[in-house]
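Trainee: Residue numbers (numbering that gives the first Met the number 0), protein chains in the order written: chain U, 0 to 166; chain F, 0 to 179.
Among the hints, a few may not be true.
In silico DSS-like pairs for lysine-lysine, Cα to Cα no more than 25 Å straight-line [unchecked claim]:
1. 153/U - 107/F
2. 163/F - 37/F
3. 148/U - 163/F
4. 145/U - 111/U
5. 77/U - 119/U
6. 91/U - 14/F
Please keep in mind that the hints were generated in silico from the structure rather than gathered at the bench.
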Amino acid sequence: MHSFGYRANAVLTFSVTILALICAIASISDNFNSPSPTATVQILNINRFLRKSNGDDEVGFTLDISADLQSLFTWNTKQVFVFLAAEYSTPKNSLNQVSLWDGIIPAKENAKFSVKIKNKYRFIDQGSNLRGRDFNMTLHWHVMPKTGKMFADKLVLPGFRLPESYR
Amino acid sequence: MGFIGDSIDSFKSLKIRHALEQVITLGMIVSSALIIWKFLMCVTGSESPVVVVLSESMEPAFQRGDILFLRMGEDPIRAGEIVVFNIDRREIPIVHRVIKVHERNDTKDIDVLTKGDNNDQDDRVLYAPGQQWLQHQHIMGRAVGFLPYVGYVTIIMTENPIIKYVLIGALGLLAITSKD
Numbered sequence: 000m001h002s003f004g005y006r007a008n009a010v011l012t013f014s015v016t017i018l019a020l021i022c023a024i025a026s027i028s029d030n031f032n033s034p035s036p037t038a039t040v041q042i043l044n045i046n047r048f049l050r051k052s053n054g055d056d057e058v059g060f061t062l063d064i065s066a067d068l069q070s071l072f073t074w075n076t077k078q079v080f081v082f083l084a085a086e087y088s089t090p091k092n093s094l095n096q097v098s099l100w101d102g103i104i105p106a107k108e109n110a111k112f113s114v115k116i117k118n119k120y121r122f123i124d125q126g127s128n129l130r131g132r133d134f135n136m137t138l139h140w141h142v143m144p145k146t147g148k149m150f151a152d153k154l155v156l157p158g159f160r161l162p163e164s165y166r
Numbered sequence: 000m001g002f003i004g005d006s007i008d009s010f011k012s013l014k015i016r017h018a019l020e021q022v023i024t025l026g027m028i029v030s031s032a033l034i035i036w037k038f039l040m041c042v043t044g045s046e047s048p049v050v051v052v053l054s055e056s057m058e059p060a061f062q063r064g065d066i067l068f069l070r071m072g073e074d075p076i077r078a079g080e081i082v083v084f085n086i087d088r089r090e091i092p093i094v095h096r097v098i099k100v101h102e103r104n105d106t107k108d109i110d111v112l113t114k115g116d117n118n119d120q121d122d123r124v125l126y127a128p129g130q131q132w133l134q135h136q137h138i139m140g141r142a143v144g145f146l147p148y149v150g151y152v153t154i155i156m157t158e159n160p161i162i163k164y165v166l167i168g169a170l171g172l173l174a175i176t177s178k179d
């Protein structure tokens, strides 16, 4: 009844249960953090704006992105994945989300940043609807925990507009 | 001499009973595992509620051996979400992040493009020849939760089948021979 095997089993079961409980508590503790991130995005230049040979519009930007995401970090945060997406609607599509830039923030010290970059992914429409199109720049972030539930939220920056003609 | 014969008989029947009990216990363990799995499938709406990360394409977010909990849900797929998808004629599902979404006005059909955080290129090279976008039917679920390291056991077992059989054999033997 009280053999070595049974005792080892009891100890193992108990320690795994406690570990699972601690992981759950760590994940739940994230809910007490109420972050207040800020961000601004500027289009410094439109490098190209054309209709590709297959008929789809393409735009190339130089962007200035500054953000302060330090308040997203808690003790259970492994990394924050942040990306900027252009979001707009066209007669064909009720929603288009095109990722323009993304980055991985490994630590709180790197969470306040300002970058000037060309768009990392190509901004191509499904069709030829980009001339004079209003769109939002939306900064999304996905908080990756050390363990437990993942969080995501966004900051919508409205009021961007593409030019009326190709260049 | 009747006394001894009776004892032997009762001893024999005890052994058979004991063996039957062990078989039933083993059956209970297997079926309760199945019940939990099917229950998770119902609750999450995903055909595989738990997956083990097998590649390095999503590092540093997910490493080999991490476990992901999936959910399908009614909400539409949006950029930034980590989805698990199946490509036609490819056996192993892929866990990558959505970077582009185009949702049709009338039918609400979606075109989705994915990319691994640790890859330089988007996933069009992984899709079937000529495939530009993922549609809803390719997507098995989206990752909602995460547990590190736990899945490494399954990686070890699939890479070394001998360990798997030894482990299953040892556990089965233990379950049958243990006296309780």
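Trainee: Would you mind marking each hint as holding or not holding in the structure?
Mentor: Against the structure, the hints come out as follows:
no.: 1; hint: 153/U - 107/F; in the structure: holds, 22 Å
no.: 2; hint: 163/F - 37/F; in the structure: holds, 23 Å
no.: 3; hint: 148/U - 163/F; in the structure: violated, 30 Å
no.: 4; hint: 145/U - 111/U; in the structure: holds, 21 Å
no.: 5; hint: 77/U - 119/U; in the structure: holds, 24 Å
no.: 6; hint: 91/U - 14/F; in the structure: violated, 74 Å
Violated hints, listed in ascending order, are 3 and 6; each of the other numbered hints is respected by the structure.
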